[in-house]
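S.K.: The chain contents come next:
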Amino acid sequence: MSVVLDERRLEDRLARLLWLGTLSGCALIGAGLLWTLAVHPPISAHAAYALMNAGILLLILLPIVRVGLMLSVFLRERDLRFATAAAAVLLIIAISLAVGLWTRV
Amino acid sequence: MSIGLELWLFGVAAGTSLLGGMLGMASGVFIVPVLTLFGGLDIRSAIGASLVSVIACSCASAAPFLHQRLTNIRLAIVLETATTLGALTGVLLVGAIPTAFLFALFGLVLLLSAVQMLRARQQAQSAPSRWVAWQLDASYPDAELGGEVAYQVHRVPAGLGLMYLAGLLSALLGIGSGVLKVPAMDTALRLPIKVSSATSNFMIGVTAAASAIAYFVRGIISAPIAAPVALGSVLGALLGARILLRVPSTRLRLMFVLALAALAIEMILNAFGVTLTHRLS
Chain W
323 MSVVLDERRL
333 EDRLARLLWL
343 GTLSGCALIG
353 AGLLWTLAVH
363 PPISAHAAYA
373 LMNAGILLLI
383 LLPIVRVGLM
393 LSVFLRERDL
403 RFATAAAAVL
413 LIIAISLAVG
423 LWTRV
Chain U
149 MSIGLELWLF
159 GVAAGTSLLG
169 GMLGMASGVF
179 IVPVLTLFGG
189 LDIRSAIGAS
199 LVSVIACSCA
209 SAAPFLHQRL
219 TNIRLAIVLE
229 TATTLGALTG
239 VLLVGAIPTA
249 FLFALFGLVL
259 LLSAVQMLRA
269 RQQAQSAPSR
279 WVAWQLDASY
289 PDAELGGEVA
299 YQVHRVPAGL
309 GLMYLAGLLS
319 ALLGIGSGVL
329 KVPAMDTALR
339 LPIKVSSATS
349 NFMIGVTAAA
359 SAIAYFVRGI
369 ISAPIAAPVA
379 LGSVLGALLG
389 ARILLRVPST
399 RLRLMFVLAL
409 AALAIEMILN
419 AFGVTLTHRL
429 S
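Chains as they are written, first to last, in my numbering: chain W, 323 to 427; chain U, 149 to 429.
The shape of chain W in the complex, shown without the other chains (with noise of 0.2 Å):
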């Protein structure tokens, strides 16, 4: 039963955590989208272009913080096939952003 109920508030958490996440970063991206339309000429360009990088910064982020929160949970409930997962996930994923860093196209 208490197992049941600790999936479900997993769930309930993943949900709020990727919901929120996608809400501020469209907001942030919107900002930045009205703020080139509004200004015109773009005076402040950098700023907006700023904003709208943030917000798609932050969209790309969410997936992988939803990783890591799944990580969290399994490591606490000793379940270490899955927390297995999620840390090669995250593994990959570092190294990935390595490749972008350190090479040029």
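Keep in mind that the hints were calculated from the coordinates and are not lab data.
You can take every hint at face value.
To give a feel for the contact side, a few chain W residues facing chain U, derived at Cβ under 10 Å:
#, residue
1, E329
2, G343
3, L345
4, T358
5, A372
6, R403
7, F404
8, L419
9, A420
Yeah, the Cβ is synthetic: ideal placement off N, Cα and C, and Gly gets one too.
Once you have looked at the hints, place chain U on chain W.
M.R.: Okay, now just chain U, sitting in the frame of chain W:
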């Protein structure tokens, strides 16, 4: 960046994902062909923008599936090791791949998507699974069948193999790779269709993020292109899921198949240096 182009990008993304949402299908596969063939954008920045919108749509639509307990999060994390590894392979390969090859590969994926849309998804028969020890089996509440439906997960290695390829395609083409995920989830793993859709939607976000993070730091993801596309597609998808279909869905589905086939032909012609469309910029 002109305001006209920003509005056009927003409108195209909102329109395609509205139609996709009404049909319950992902429309990420339309973004790159439309941006390159009609918008005249470079295919690599189109792929970067498309990846951001794929992530945003996956995250935006995940909550209802999780609340209804349709998403199998344990199965998802296991399969995500394969999809992210495929995405990492794509990040390593993409610089060495000629643009013409990307166009041709995209055309092929569009053709296969059109064929897949014509066929109805088959519910696999359940049978005893040899993968019980992996503890991936679960159950979900089904209103139509009444009560809790238990299911078993089959052929995990075949599923992982297809998921690796799905991750690779996602990184190379900036798509969610439904074309490979549907056979992986329905045919190899034999999941109930509702569980399959919810779980693959959940996985698409982290799969796309694995390559998008590398492209973001490489500077391939351009804010003035990715921003309107991501915002438009999230709004379109959320709205589309709430609109009741007044047009018969078979006709809309046929329209989608024809659009996919036409774009497929144009992408393949483009790979050979033939352009038919009039470009905006």
